[in-house]
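Please take these sequences and the hints and turn them into a complete structure.
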Amino acid sequence: MAPVTVFGSAVFANAARVLVCLEEVGIEYEVVEVDYMAKEHKGPEHLSRNPFGQIPALQDGDVMLFESRAISKYVLRKYGKASNVDLLREDSAEEAALVDVWTEVEAHHYFPAIAPIVYECVVFPARLGMQPNQKVVDESLEKLGKVLEIYEARLSKSKYLAGDFFSFADLTHFPYTYYFMKTTHASLLDKFPHVKAWWEDLMSRPSTKKHGAGMFLEP
Amino acid sequence: MGIKVYGPAASTNVARVLVCLEEVGAEYELVPVDMPSGEHKRPEHLARNPFGQVPAFQDGDMMLSESRAIAKYILRKGGSQLLRECNLSESAIVDVWLEVEAAQFSSAMSPIIFQCFVIPIVMGGKPDMKVVEENLEKLKKALEVYEARLSKFKYLAGEFVSLADISHFPTAHYLLGSPHASAIDAYPHVKAWIADIMARPSVKKVRELMKMASA
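Listed in order, the protein sequences are those of chains A and R. Mapping to UniProt numbering: the first sequence position 2 is 2, numbers consecutive. Mapping to UniProt numbering: the second sequence position 178 is 178, numbers consecutive.
Not one of these hints is a red herring.
Capping the alpha-carbon separation at 27 Å, the derived lysine-lysine pairs in BS3-like fashion look like this:
no.	chain 1	residue 1	chain 2	residue 2
1	A	157	R	41
2	A	143	R	130
3	R	41	A	191
Note that these hints are calculated values from the structure, not bench results.
Right, here's the structure in full:
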């Protein structure tokens with residue numbers, strides 16, 4: 001049986017999201033590079049895996065998936081039980097709902113605020129030799145600050161986002177935050193002590209340490 | 001069950017939650033939130049949804065936000081097959097296309113809805129056609145992928161209808177009611193698929209609630 005294959009390495013934040021989930025459930029997987037600079041992700045072979053021409057995709061036997069958050073949930077759902085890893089909490093309707101809520105919050109509130117900073121300060125300079133658009137960065141930092149106030153309030157009441165248990169809702173924040181913390185704006189987290197402590201806890205996990213090492217783009 | 005949904009039915013995100021309640025036949029109370037007067041940004045509503053958005057959803061002691069999370073909760077509790085969670089690969093593909101709905105379809109539609117409906121009707125202003133055109137282009141690129149998909153399968157996740165399909169209905173409702181409805185004519189499978197979703201009794205009921213709320 002071929003191992004699970006991820007198309008796109010950890011340098012791509014959305015691929016890193018999937019890779020840390022694979023580490024958490026402890027199954028064998030292989031990573032196939034997709035050459036971004038050569039636009040391989042827009043070529044016919046990759047488009048047959050992800051019709052939107054984005055990274056990552058994942059193949060598990062006959063199943064081909066894209067959209068990193070969907071892939072991640074599949075991995076955690078399929079392989080979690082055998083490894084005694086429960087990051088989706090689907091035995092409890094209420095806990096699963098809270099995991100889903102904060103996973104959606106990452107997608108619709110956190111990511112839109114933090115991703116432009118990551119693109120401007122890390123990705124575009126490293127990949128395209130461009131200078132950051134300071135207006136975009138400043139607007140995004142302001143948005144991110146407001147989002148982090150809400151996270152601070154939440155994490156002052158519970159140890160993790162969905163409750164007192166670690167879940168995918170926390171883990172899904174790893175990749176973009178990791179790149180953000182390489183920038184000069186990392187100090188923003190100092191204003192939010194519960195968020196900072198939560199981040200350090202997230203980074204203490206073997207899965208995030210392992211794939212952080214593969215996220216080699218520098219600001 | 002003591003279910004309350006806070007927000008106007010005309011909101012696409014509120015409508016997404018309402019259609020799931022209708023699908024499972026749950027009783028619920030729809031509690032108005034007066035957005036033009038800023039009620040959604042005041043402390044009482046912020047206590048329900050800290051991002052100051054609609055919907056918020058209450059079931060007994062539990063308060064939830066984020067319509068797609070609420071949708072899944074409702075469908076699971078109601079024993080619906082719309083998530084296919086009994087089958088690992090099917091439920092994964094439902095999740096994939098639910099992500100696509102948010103990332104590709106609704107992300108292009110939201111600015112169009114804001115320009116074509118909210119600005120003229122709620123704010124008494126004129127739409128910015130540059131924003132509309134840019135987002136119609138994005139939408140069409142996404143619709144090419146949808147057309148290819150729906151040429152192979154009856155629904156997005158396969159031969160079975162799922163939350164991934166139904167989750168599109170609120171934004172599709174506004175597209176059909178906008179001056180740009182003909183954008184889907186170039187995509188016959190997409191057009192037929194939208195018509196199929198709109199024919200569901202749950203969808204028809206919520207579309208009526210959406211129209212009443214906009215009046």
